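Residue numbers (numbering that gives the first Met the number 0), protein chains in the order written: chain R, 0 to 175; chain Y, 0 to 175.
Don't read these hints as lab results, they were simulated from the structure.
Please note that the accuracy of each hint is not assured.
Note that identical chains are pooled: a pair holds if it fits in a single copy or bridges any two copies.
[What the hints assert, rightly or not] Here are the simulated lysine to aspartate or glutamate pairs, EDC-like style, with alpha carbons at most 16 angstroms apart:
#1 Lys12 x Glu91
#2 Lys57 x Asp135
#3 Lys102 x Glu76
#4 Lys147 x Glu98
#5 Lys64 x Glu22
#6 Lys64 x Glu1
#7 Lys102 x Glu1
#8 Lys3 x Asp135
#9 Lys6 x Asp133
#10 Lys12 x Glu129
Note that the coordinates shown come from a computational prediction; the quantities given were computed from them, not determined experimentally.
Each chain, written out:
2 protein chains.
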Amino acid sequence: MEEKFNKRLREAKGRFLHFCVDEVTLSNGHISTREMVLHPGAVAVIAVTAEKEVILVKQYRYPVKEVLYEIPAGKLEPGEDPAVCAPRELAEETGFLAEKWEKLGTFYTAPGFSNETMHLFYATGLRAEEAHPDPDEIITYEKIPLRKAWEMIRTGQIKDGKTILAILWIEQMITD
Amino acid sequence: MEEKFNKRLREAKGRFLHFCVDEVTLSNGHISTREMVLHPGAVAVIAVTAEKEVILVKQYRYPVKEVLYEIPAGKLEPGEDPAVCAPRELAEETGFLAEKWEKLGTFYTAPGFSNETMHLFYATGLRAEEAHPDPDEIITYEKIPLRKAWEMIRTGQIKDGKTILAILWIEQMITD
Numbered sequence: 000m001e002e003k004f005n006k007r008l009r010e011a012k013g014r015f016l017h018f019c020v021d022e023v024t025l026s027n028g029h030i031s032t033r034e035m036v037l038h039p040g041a042v043a044v045i046a047v048t049a050e051k052e053v054i055l056v057k058q059y060r061y062p063v064k065e066v067l068y069e070i071p072a073g074k075l076e077p078g079e080d081p082a083v084c085a086p087r088e089l090a091e092e093t094g095f096l097a098e099k100w101e102k103l104g105t106f107y108t109a110p111g112f113s114n115e116t117m118h119l120f121y122a123t124g125l126r127a128e129e130a131h132p133d134p135d136e137i138i139t140y141e142k143i144p145l146r147k148a149w150e151m152i153r154t155g156q157i158k159d160g161k162t163i164l165a166i167l168w169i170e171q172m173i174t175d
Numbered sequence: 000m001e002e003k004f005n006k007r008l009r010e011a012k013g014r015f016l017h018f019c020v021d022e023v024t025l026s027n028g029h030i031s032t033r034e035m036v037l038h039p040g041a042v043a044v045i046a047v048t049a050e051k052e053v054i055l056v057k058q059y060r061y062p063v064k065e066v067l068y069e070i071p072a073g074k075l076e077p078g079e080d081p082a083v084c085a086p087r088e089l090a091e092e093t094g095f096l097a098e099k100w101e102k103l104g105t106f107y108t109a110p111g112f113s114n115e116t117m118h119l120f121y122a123t124g125l126r127a128e129e130a131h132p133d134p135d136e137i138i139t140y141e142k143i144p145l146r147k148a149w150e151m152i153r154t155g156q157i158k159d160g161k162t163i164l165a166i167l168w169i170e171q172m173i174t175d
């Protein structure tokens, strides 16, 4: 089923995204073009308090022009270990430190047009310290009971894919 | 928290992706740049048989260079109603027609760098007809019991975000 790269028809680079249009040959011999955005990869952290509340950050997302509820997340630095990046992002965005870290899994957010790989961690044993977000991130956080989070998913108040995925994953783990 | 557009620093267009680098002013007055990919939006369909099996397609995804298990999905045509696109994509990729359609929700797959909006549908009352994929899509499908699908998520055999989200959503609905 593999698709063979023939040539790059177009590309453009930003600081972290790399847009490409490639000509490829499909396994059935057809020639086609594929458009994609190369991404450095990211981590996301579902942090849950002893009272079964999930820590959600609120942040304006320029591509969708609205403020979203999301689990803490951030891009990997070049060569950075996701297990190092995850506690850093949680602390930067919320101030929380966690005693216990569990890797839940790794998934692709949008494999139809991007290689973004998301490493998902589950953090418990939380202790609050001071947040220290990047200067170009304006972020607040809220603690939401897990059952309320599911309600917010069903009613469309939580709209971020990785956040929905992570909340449902934890609910499923608890149910199992 | 809104970010004000100042000017477009760079852009590049493909057939369906539009890559942009914009200069913006944050709500705290800081100037920053935002990179993003504009996308036409998409639908995804979690189709479940009477035997509680989910229909997963297998397809090579060029951006990630591997064959993935995914729920049937596809991009919206300009102006297309998601409720029209969803049955079309299910039929094209798998041949299945569904008697009952339920809209589960709408979410952003990667709002940190794209505006892709995914409309998620739940299809039941399935009847098999012949598949008729696009000439540049090479697709097969499998029926996977829902409980096995959760096992495949935990072991990393299912790696696509929207597919994990949709399977967990259905599991949660059934549990509720």
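We went through each hint and held it up to the structure:
For the identical chains of this complex, lysine 12 and glutamate 91 are neighbours neither inside a copy (27 angstroms) nor across copies (34 angstroms), given an alpha-carbon limit of 16 angstroms. Proximity of lysine 57 to aspartate 135 under the C-alpha cut-off of 16 angstroms is restricted to the intra-copy arrangement: shortest distance 14 angstroms within a copy versus 40 angstroms between copies. Taking CA atoms no more than 16 angstroms apart as the test, lysine 102 paired with glutamate 76 passes in neither setting, with 19 angstroms inside one copy and 38 angstroms between copies. For the homomeric pair lysine 147 and glutamate 98, neither the shortest alpha-carbon distance inside one copy (25 angstroms) nor that between copies (32 angstroms) is at most 16 angstroms.
In the homo-oligomer, the alpha carbons of lysine 64 and glutamate 22 lie at most 16 angstroms apart only across protomers (14 angstroms), although the nearest pairing inside one protomer, at 32 angstroms, exceeds that limit. In this assembly of identical chains, lysine 64 and glutamate 1 lie within 16 angstroms of each other by CA distance solely across copies; the values are 8 angstroms between and 37 angstroms within a copy. In this homomeric assembly, lysine 102 and glutamate 1 never come within 16 angstroms of each other (Cα to Cα): the closest approach is 30 angstroms inside a single copy and 33 angstroms across copies. In the homo-oligomer, the alpha carbons of lysine 3 and aspartate 135 lie at most 16 angstroms apart only across protomers (13 angstroms), although the nearest pairing inside one protomer, at 39 angstroms, exceeds that limit.
When the C-alpha separation of lysine 6 and aspartate 133 is checked against a cutoff of 16 angstroms, the pair qualifies neither within a copy, at 38 angstroms, nor between copies, at 22 angstroms. Taking CA atoms no more than 16 angstroms apart as the test, lysine 12 paired with glutamate 129 passes in neither setting, with 35 angstroms inside one copy and 42 angstroms between copies.
Going down the numbered hints, you'll see the structure goes against 1, 3, 4, 7, 9 and 10, while the others check out.
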